[in-house]
Structure formats: C-alpha cells, structure tokens
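Listed below are the residues making up each chain.
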Amino acid sequence: MSVSNTDSSRAASSALSERSPRILIVDDMMENLQALRGRLRLKHYSLNEATSGSEALDYLRKCISDNEHLPDLILLDVQMPEMDGFEVCRILKADESLREIPVIFITARSEMDFIVEGFNAGAVDYVIKPFHATELLTRVKTHLDLKFSRDALRKNNALLEKLNREKSEFMGIAAHDLKNPLATVRWLTDSLKSGALPPEKSAETLENITLAVERMFRLVKNLLDVNAIEEAAVLSGSDNHDDSPLHLPSENINLVFAAADVLANYEAQAAQKSITTTFANNAPNATIRINAEILSQILDNLISNALKYSPRDTTVAVKVSGNADFAQVSVQDEGVGIASEEISRLFTKFGTLSAKPTGGEDSTGLGLFIVKKLTEAAGGSVHFAPADKRGSIFRVQFPVVKRTRSSEDESEDDE
Amino acid sequence: MQTTEPIRLFIVDDHELIRYAMESWMAQDAASSTPPPEPAITVVGTASSGQDALTGIRSLQKTYTAPNFLLIDFQLPDMLGSDVIQTLRAEGIASEQMRALVMTGMENAPIKSILSSGANGYLSKKEPSTTFLAAMRQVFLKPDDLWLNPTEAKRMLNAERSLTTAGITSAEKNVLRLLYLTNEEIAEALNISRGTVKNHLNNMYSKLGINSRPEAVQFALKVGLLPKHHS
Numbered sequence: 004m005s006v007s008n009t010d011s012s013r014a015a016s017s018a019l020s021e022r023s024p025r026i027l028i029v030d031d032m033m034e035n036l037q038a039l040r041g042r043l044r045l046k047h048y049s050l051n052e053a054t055s056g057s058e059a060l061d062y063l064r065k066c067i068s069d070n071e072h073l074p075d076l077i078l079l080d081v082q083m084p085e086m087d088g089f090e091v092c093r094i095l096k097a098d099e100s101l102r103e104i105p106v107i108f109i110t111a112r113s114e115m116d117f118i119v120e121g122f123n124a125g126a127v128d129y130v131i132k133p134f135h136a137t138e139l140l141t142r143v144k145t146h147l148d149l150k151f152s153r154d155a156l157r158k159n160n161a162l163l164e165k166l167n168r169e170k171s172e173f174m175g176i177a178a179h180d181l182k183n184p185l186a187t188v189r190w191l192t193d194s195l196k197s198g199a200l201p202p203e204k205s206a207e208t209l210e211n212i213t214l215a216v217e218r219m220f221r222l223v224k225n226l227l228d229v230n231a232i233e234e235a236a237v238l239s240g241s242d243n244h245d246d247s248p249l250h251l252p253s254e255n256i257n258l259v260f261a262a263a264d265v266l267a268n269y270e271a272q273a274a275q276k277s278i279t280t281t282f283a284n285n286a287p288n289a290t291i292r293i294n295a296e297i298l299s300q301i302l303d304n305l306i307s308n309a310l311k312y313s314p315r316d317t318t319v320a321v322k323v324s325g326n327a328d329f330a331q332v333s334v335q336d337e338g339v340g341i342a343s344e345e346i347s348r349l350f351t352k353f354g355t356l357s358a359k360p361t362g363g364e365d366s367t368g369l370g371l372f373i374v375k376k377l378t379e380a381a382g383g384s385v386h387f388a389p390a391d392k393r394g395s396i397f398r399v400q401f402p403v404v405k406r407t408r409s410s411e412d413e414s415e416d417d418e
Numbered sequence: 002m003q004t005t006e007p008i009r010l011f012i013v014d015d016h017e018l019i020r021y022a023m024e025s026w027m028a029q030d031a032a033s034s035t036p037p038p039e040p041a042i043t044v045v046g047t048a049s050s051g052q053d054a055l056t057g058i059r060s061l062q063k064t065y066t067a068p069n070f071l072l073i074d075f076q077l078p079d080m081l082g083s084d085v086i087q088t089l090r091a092e093g094i095a096s097e098q099m100r101a102l103v104m105t106g107m108e109n110a111p112i113k114s115i116l117s118s119g120a121n122g123y124l125s126k127k128e129p130s131t132t133f134l135a136a137m138r139q140v141f142l143k144p145d146d147l148w149l150n151p152t153e154a155k156r157m158l159n160a161e162r163s164l165t166t167a168g169i170t171s172a173e174k175n176v177l178r179l180l181y182l183t184n185e186e187i188a189e190a191l192n193i194s195r196g197t198v199k200n201h202l203n204n205m206y207s208k209l210g211i212n213s214r215p216e217a218v219q220f221a222l223k224v225g226l227l228p229k230h231h232s
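Protein chains in written order, with the working numbering: chain C, 4 to 418; chain A, 2 to 232.
Since the hints were made in silico from the structure, they are not lab data. One or more hints might be untrue.
[Stated by the list, open to error] Residues from chain A shown here face chain C by an in silico Cβ test under 7 Å; the list is partial:
1) Tyr-65
2) Ala-91
3) Arg-162
4) Ile-193
5) Gly-196
6) Asn-200
7) Asn-204
8) Lys-208
[As the list claims (entries may be wrong)] Sample of chain A residues with no beta-carbon within 12 Å of chain C, all distances over it, derived:
9) Leu-18
10) Ser-34
11) Ser-49
12) Thr-64
13) Pro-129
14) Ala-135
In this text, a Cβ means the ideal position worked out from N, Cα and C, and glycines have one as well.
Could you put the whole structure together from the sequences, leaning on the hints where they help?
Below, the structure is given as structure tokens:
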C-alpha cells in the first residue's frame, strides 16, 4: 500500500510563507480518511494519507531521504491495528528529524486518561470523532500557525548566530590590525610632545603620522567592505546578479575606459617606482553591466596590487580583451609571483602570502578577497595565472551587454 | 609637464564689467596658492571691439608681451569674435603662437563656424571662473584638444586623461566631442576630410571595444565629453 497524494489546486512554492501547508492524515478506515480529506481540502491544504502507523513512518522517512518537504502537521488516529496512534507518536517524538511536526490525535473516546496519555506521548491537541468541521479546521490552523512561527524563529536565530560570528571575527581582526598603526601614532606624537626631536625631524614625523592614519583608514574601509559583502551574502543568500548584493544600481559601462581611468589614477605612483605602465584593448565589445563604484574598486585593487608588488623599473601591463560573450581585464606584473602552494589561499580572507610589497606599502590581506566577492556578485569571475618568465597575471572577466541587431547597423554617414 | 611659459592673455568683450571681472579672476587665481597655479596667467591687453582687438594684438606682436592666449566674445559690436580669429590666423598667427577661445552668451553656439575660424573651442559665459581657468590651462597646454563647453569641466578633464591612457589621440578625441554633428559637419568644423573623420571614428571604436555611433554617443555622454543638451 502506498501513500496517496491528494494535492490541492494551489501549487506549492518554495517560500516558506507562500507554499500550501502540508498535512499527513493517518487512519486505517477509508471513510474517516475521506471525511477528513473532504474537510481539509476546503482550505487548500496539501494532503497526504496513510492507512497505518508503519506506512506513515515509511512515508516520512522517505521524505527525508528524498529531500522532500516534510508535512507541517499530522492528524493521527488513535485506534489502529498493529501500531496504535500513541506508539506512532512516541516514535515520532523520539526521532530528532521528525519531532518538530505537531501531532493532533483523532479519537473516538473522550475519557480523560486517554487524553492525558495522548499528551504524554507528545501530541499537541486532539479532536473527537465524529468531529465538528469548524472545530477541526480551527485547531489545525492554530497549530499550523504555531509551527510556522517556530520555523521562522529557528531560521532567524541561525542567521543571527552566523552574523554574530562574522562580526566577532571582524572585530578581532580590526582590533588586531589597528593596534600597530595606532601604537605608531602614539609613539610619534609622544616624541613630538617631548620636544626631544630635532626640528628637522618634525616634518618627517608628521608625515609618518599621516601615513599611519591613512593606513588605518584603508584598513577600516576594507573591513567595512568585507563586512558589508558578507552581511549581504548571508541575508540575501541568492544568486541575484541584477543588482549587486550591496543593493547598488548597475549601469552599462565601457570596460576599456574604466580600466584606463583607474590606470591613469596610478600614473604618479607608478612613476615614483619607475614602473612603466602599458594599456591595450582588442575586445570587440567592451560594454558590461555593473555598478560603477564596484567596478572601480575591483580594478583599483588589481592595479594597485600589481604596482605594490612590482620592483622598480619593471612593467605593469593592463590588457582588455574578449569575444562576443565576455570582456576581460588582465593585469600583469613582473614581481616575484605567487608560490604554487599559496595559490589556493590567494582569494581567501586575510590570506596574506609570503610576497612582500616592494615599496614598504602595507598589505591587509583583504584586497583579493574583496575582488573575488565583488566580481562574482556582478556575474563575473576572477582568475590567476603565473606569468611566463616572472610575475603574475590577474584577470577579471564579465559577461558583455549584447548588442541588438539595430545597434549594429553603422549608417553610412549622416546621423 | 613642466612649463615655465606663462599665459599672456588678451581679453576682448564690449562689456567693461566682463573685462573687469575676468581681470580680477586672474589676479585672484594668481594669489590663490603658494606657489601660484601653473601656468601663471597675466592679462597683457584688452579691447572692446573687433577692430580694436586686431589693432591691439598686432601692435603687441614682436614684443615681450605678445599675447599667446585670446579670450574673445562671440558677439562684438563691429564683427564676430570668430571673424577676428580668422583674420589673425590668416595673418600667420597660428594656434601654436596664440590659442583662442570664444566666449558665447547664447544657448546655441554655432560650433562649426567657430571651429572653422581657427578657434581652439568655445565657452559659455555662464560658466564659473574655475571652468574658465581650467579651460584656458587645458587648451594652453594641449592646443590640439578642442574645448567644446562640456557639461562639467572637471569630469571632462578626467575623461580626457583616461582616454589618453586608453590610447585615444587628440584628433580622435576632437571627433568624439563633435559626435552630435554629422560626419560632413565634423569634417567642415575640423577642416579635415570626411574620410579622415570616418577613419578616426573607426580607430576609436576598435580601441574602445564599441562598434556603433549610438554606442559611441552614449559613451561620450556618460564620461562627460559631450554636453548633455546640444544645439
């Protein structure tokens, strides 16, 4: 005998609040099943039926193994051959994966001892047959509401716990990483106050204080970025690429111009280390859809990294390329590259590697992690490859905005 | 880029108030920082009509204060500012010697005739002093890049710089700035052939990964190279 499924007209959707509540009815008598079915269908509940305790348990275990939704409520007849309702209920409550489903007994007897035994077995309510339709439906609804509330609470708690853990980690790193530059500032200001510094040192000291403060700003910004990204990811949990997870609007952007823009910002810095920068494009279509700020941040991270880890008198090459479906920016440097055992840690949080910035710049270990998260949120991907002779190539790739047929007509002359 | 040569400015406008206001902007600008912003700007002469402008500028040639920048109103009592520029250019005072920017009070400046007279661009008189100064410095340092009254000067300057990094030449940028016009009109305004205009466009498209004029217009608007409302 198999469990029959008398699904109602309303299709079940995946959202907890939107799908029809599922009820499992367990009764050995066909007429009773029919009567219950008739009543419950009026409320558009999704129904499953079983004619014995063992059939019900088999069905529930199958739901679990098939990764199907379990019922939200079980209506359980007490008087059944082989296994009575109380026994079934006790088994359900002993099973961790089934214990959350509320059980309502259907009983022909109204004696108090009976009812108490039912509650002791773990039931939450009972109805006496022949049952009153309204009474049955009201009790069912009440317990369904309670169950959904419990489910929502549990889900929220799990979410909050996760967010809390992230925040604690965040606080720990922030405190740790800020201590150094703060100590530096304190020491430097003490030196200035003590008057023990010769005057020509003052300007240098003030400059160092400024640098330390800037370092702290950058760190805090990075941490806040990471925090925002992770929070959004935890809360949304979706693969929605239309808007970035930080709920910033996307627009059509020319990737060539964006990359050239960022590179132009670093010209002075590159010159300071006598680094040559080159730029080239051969993508036929460089229009992508992304938030301008986010793209800026991604490219900024890649290019500033390349400059940071490049020795003096080397070249950083920025190339844009692509095909009809994708456009990508690759940034290549001639630094020491990444050791093969460190490649797996490359895009992880705080995964600082053995390579050190060549100009004494600081490295928070968050840059590439941010690049990966932001790029993927925009529907793109990030790749690393070692350069041929020495150095690294980092590539970010995005889907392009396809041209409609009409925009491809280049009218001859007059517009 | 290091330049020690200052801008020697000649201002032409029939409204004395305007001439006076500009002279004080230049003075304020010179005093605004230490050291003063580069290139420095000094006013070497003013005029209130086209004829006086021609006389004044001619007489200053071959002196130490020969003007190398002309800021001239479009609507003068006796002729158009662009006519003055055309005359001077015909007399051999080329862009390399003296840049010229036309100031317009009207909404719809006739870009084509202004450019074909030999001006390096035009400015609306409604623009703030900061834009005037930025425009003058930009045109002085890069005379090949025309100034076509962008919506926001700062954004345009940034866009200029990024386009240079992307390998776009001055000639190509000029065509981009005139994209509202037809190819024929662009050719006329820049004094080049239609074929050259098309070449510049195609080269630019391939450098930027775009392949149609509407795309190019959208792009130029977005980065601030094209003014949002045009004549």
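request  = Provide an ascending list of the numbers of those earlier hints which the structure does not satisfy.
outcome  = Those not satisfied are hints 1, 2, 4, 5, 6, 7.
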